[in-house]
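Protein chains: 2
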Amino acid sequence: LRPRQGTRDHPPAQAALRDRLLGAVVSCFKRHGAAAIDTPVLELRETLMGKYGEDSKLIYELQDQGGELLALRYDLTVPFARYLAMNKVTNMKRYHVAKVYRRDNPATTRGRYREFYQCDFDIAGQFDPMIPDAECLKIVHEILSDLQLGDFVIKVNDRRILNGVFAVCGVPESKFLPACSTVDKLDKVPWEEVRSEMVGEKGLSPEAADRIGEYVQLHGGLDLIEQLLQDPKLSQNKLAKEGLGDMKLLFEYLTLFGITGKISFDLSLARGLDYYTGVIFEAVLLQQENEHVEELVGVGSVAGGGRYDGLVGMFDPKGRKVPCVGVSIGIERIFSILEQRLEASGEKLRTTETQVLVATPQKHLLAARLKLISELWDAGIKAEMLYRKDPKLLKQLQYCEDTGIPLAAIVGEQELEDGVVKLRDVATREEVRM
Amino acid sequence: LRPRQGTRDHPPAQAALRDRLLGAVVSCFKRHGAAAIDTPVLELRETLMGKYGEDSKLIYELQDQGGELLALRYDLTVPFARYLAMNKVTNMKRYHVAKVYRRDNPATTRGRYREFYQCDFDIAGQFDPMIPDAECLKIVHEILSDLQLGDFVIKVNDRRILNGVFAVCGVPESKFLPACSTVDKLDKVPWEEVRSEMVGEKGLSPEAADRIGEYVQLHGGLDLIEQLLQDPKLSQNKLAKEGLGDMKLLFEYLTLFGITGKISFDLSLARGLDYYTGVIFEAVLLQQENEHVEELVGVGSVAGGGRYDGLVGMFDPKGRKVPCVGVSIGIERIFSILEQRLEASGEKLRTTETQVLVATPQKHLLAARLKLISELWDAGIKAEMLYRKDPKLLKQLQYCEDTGIPLAAIVGEQELEDGVVKLRDVATREEVRM
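As given, the protein sequences belong to chains A and B, one line each in that order.
Take the position in the first sequence, starting the count at 1, then add 16; the result is the number in my numbering.
Take the position in the second sequence, starting the count at 1, then add 16; the result is the number in my numbering.
No lab work stands behind these hints: they were computed from the structure.
All values derive from a computational prediction rather than experimental measurement.
There's no promise every hint is true.
What the hints assert, rightly or not - With a Cα cut of at most 27 angstroms, we get these calculated DSS-like pairs of lysine-lysine: (1) A:73 / B:115; (2) A:387 / B:379; (3) B:405 / A:257; (4) B:379 / B:411; (5) B:364 / B:257; (6) A:337 / A:254; (7) A:115 / B:73; (8) B:204 / A:405; (9) A:104 / B:364; (10) B:204 / B:278; (11) B:46 / A:438; (12) A:405 / B:104; (13) A:411 / A:364.
Said to hold, decoys possible - Take a look, some chain B residues computed to stay more than 10 angstroms from chain A by CB distance: (14) 236; (15) 358; (16) 441.
Using N, Cα and C, we set each Cβ at its ideal position, and we do this for glycine too.
From just these sequences and the hints, can you work out the full model?
Put into structure tokens, the structure is as follows:
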């Protein structure tokens with residue numbers, strides 16, 4: 017009976033907390049007008065291959081038992097793109113909350129599992145620039161604020177700016193993606209290590225790496241955007257100029273949303289996945305000195321996303337593109353934080369919603385209990401009883417206290433004779449006959 | 017882009033209908049005081065093997081990519097039993113709504129898929145006989161009544177009665193399970209075919225088969241229970257006597273619940289799975305002459321379950337038993353029925369909950385829209401806007417009509433100057449300035 021590596025059961029207390037958390041996230045998605053869709057956990061192996069870069073090796077494949085070659089979905093974005101192409105949908109705002117699967121090294125204390133929930137919100141369609149992108153960032157801001165996870169920053173960058181940087185630093189186009197996935201490690205390791213991977217593993221020239229280093233260590237706000245728009249080299253690069261222009265527009269919209277205080281234009285942000293084509297972003301919780309809870313979990317990315325304008329076209333026989341931008345909320349990390357916080361607070365979450373326990377104080381009254389509880393259920397009232405013929409009243413009241421049931425509906429011989437029920441408030445012990 | 021066999025995407029309209037359906041089922045489970053748990057889709061291969069009889073061949077296995085040998089869960093009952101044993105839980109009332117996986121021949125028009133939802137409610141623990149069992153039947157009755165699926169019958173039997181029948185008909189104990197899975201086919205094929213499978217494939221004597229035939233074609237109510245309790249052969253069999261005694265008690269409780277009108281004690285009900293040990297039941301929708309909807313889908317089992325007192329013990333190193341009884345709601349078939357009914361009615365289900373569209377009647381007012389919508393979101397109001405810089409007012413109002421948004425909040429140049437918003441009721445075209 018060993019547990020399976022990197023997966024976990026959720027007992028009732030955890031399931032209740034997770035329901036509450038998912039409820040908050042979904043309610044934000046609905047507030048922004050998204051519709052739900054559902055796609056299968058099982059996808060064709062070929063649908064997933066070639067979409068995740070180096071991480072494709074983490075895809076779970078099913079045994080060939082005859083029929084199609086299947087795999088478990090790795091994220092919700094690729095299935096969404098497959099769905100859009102398959103159904104020729106060119107315009108959609110959807111959310112999807114479901115489990116995804118990765119044969120990764122589990123680090124369960126930091127909320128990293130092999131089977132875990134993703135909560136995605138995406139906007140597909142040809143629209144005016146940066147309006148949907150700004151809404152995705154607003155959503156991240158709303159959710160992280162609502163959940164009161166402490167201070168956070170949302171890093172923003174654009175793949176076009178990064179590619180422009182690579183180009184003006186003398187990196188050949190064929191090495192943009194490898195260079196990108198190396199830059200992505202800057203949030204975990206110092207620049208020196210990233211530089212040596214660029215030069216060693218990825219085969220960039222030391223001079224190119226040094227030039228990249230000067231750019232990717234920059235971060236700031238509107239001022240930095242203006243500065244880079246004036247940069248003699250970058251301003252000559254078409255991609256970078258487009259990216260910077262859109263970044264400026266994005267900041268304008270985020271100012272109207274009143275959230276630029278938490279936004280950082282950060283050139284080191286690269287995001288690992290191959291499919292991003294424009295704006296990318298990632299939200300990070302900031303370490304709080306005085307709160308041991310965050311320290312236990314370790315800070316890290318709790319939301320991320322970006323624009324992927326080419327992915328749907330990869331699934332369309334004619335290559336028709338549907339521009340998309342989306343965000344994924346890292347629910348498992350947030351769950352780990354909330355769980356430890358709940359534990360520290362000593363608060364006990366109710367795992368059921370039962371309003372009343374139907375109880376009897378004497379023996380031979382099972383029939384009365386069954387009749388009354390049946391009436392309550394039929395009236396839509398959440399009711400329980402002990403599955404005993406003749407339970408002691410004390411035991412029945414104890415069950416209420418243990419599980420947080422606020423009321424007991426008591427039918428004894430006297431009540432039966434009088435045609436009434438005694439309703440008892442478990443906490444105050446007040447009783448009324450009705 | 018072929019669809020994967022036996023799976024399906026749920027577009028928004030279907031997802032909304034399914035949410036409504038699952039909501040009704042879960043709300044019944046909560047009304048009966050159940051807590052939620054969650055277990056992984058991935059289980060160890062060895063956990064699932066040897067639990068499903070002939071159907072074990074339908075289990076999806078994962079490729080051996082190093083590490084543990086994994087499989088996709090086949091139902092929610094075996095993982096629940098594994099959960100109880102692993103956590104030494106001896107007492108629990110839980111529900112679980114999640115997807116399960118079977119490499120079956122899909123028959124998607126009849127709601128039979130390879131990936132599908134199960135909605136399970138189970139009561140684990142040592143209690144007085146038939147009280148939890150009666151509650152499971154009450155739950156089926158409540159759900160099928162609430163969903164207004166038309167007339168139905170809940171067939172009830174007991175594995176101990178069936179085994180008693182086999183014993184008194186001269187079947188050796190080693191052939192009880194094969195005989196059981198043959199009897200289970202009686203709802204689909206006539207007795208002659210079942211008899212010939214018993215004699216041919218399962219190796220029962222023709223005399224034994226004939227004697228079984230006399231019993232398993234019986235069905236009725238309390239009168240049949242009394243009759244069998246007087247049966248000269250059956251009444252001598254310990255198992256059958258126990259089963260019949262409990263069946264009588266069950267009918268007593270179901271009478272108090274007022275639901276015996278829909279219950280049929282049916283000796284042909286056997287249920288396919290190996291793990292049942294006591295009461296078993298299955299709910300069937302009855303064909304309705306005048307409603308073409310049901311005919312399209314085909315009638316069939318929409319809920320089933322029973323008592324499995326030995327399953328948890330199979331996972332406990334010391335074989336400690338935890339008696340369990342539970343019910344599974346066949347949500348996919350019900351969904352197919354509701355879907356066809358919705359289609360026939362022409363009713364259009366809203367797929368979003370948006371309350372208000374933020375609109376502008378003139379050009380160059382994007383900033384005003386972004387500011388207002390941001391305020392609405394922050395106030396918890398479900399709001400959308402078109403992702404265009406300068407959309408035509410007509411287009412914006414058309415979007416409301418297409419998606420069912422009841423209100424439009426309009427800010428034009430005049431409103432901006434006056435510091436007001438014009439709120440328009442999309443259906444009545446009434447407008448108020450506020």
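Now the hints, each set against the structure:
1. A:73 / B:115: holds (25 angstroms)
2. A:387 / B:379: At roughly 67 angstroms apart (the allowed maximum being 27 angstroms), residue 379 (chain B) and residue 387 (chain A) break the hint.
3. B:405 / A:257: holds (21 angstroms)
4. B:379 / B:411: With Cα atoms ~13 angstroms apart, residue 379 (chain B) and residue 411 (chain B) stay inside 27 angstroms; holds.
5. B:364 / B:257: violated (54 angstroms)
6. A:337 / A:254: Cα-Cα ~21 angstroms, so holds.
7. A:115 / B:73: holds (25 angstroms)
8. B:204 / A:405: Roughly 39 angstroms separates the two Cα atoms, so the pair is violated.
9. A:104 / B:364: Holds, at roughly 21 angstroms.
10. B:204 / B:278: Within the cut-off at roughly 21 angstroms; holds.
11. B:46 / A:438: holds (24 angstroms)
12. A:405 / B:104: holds (25 angstroms)
13. A:411 / A:364: holds (21 angstroms)
14. 236: Holds: least Cβ distance 23 angstroms, greater than 10 angstroms.
15. 358: Per Cβ check, residue 358 (chain B) is outside 10 angstroms of chain A; nearest 16 angstroms; holds.
16. 441: holds (19 angstroms)
Checked against the numbered hints given earlier, the structure breaks hints 2, 5, 8 and satisfies all the rest.
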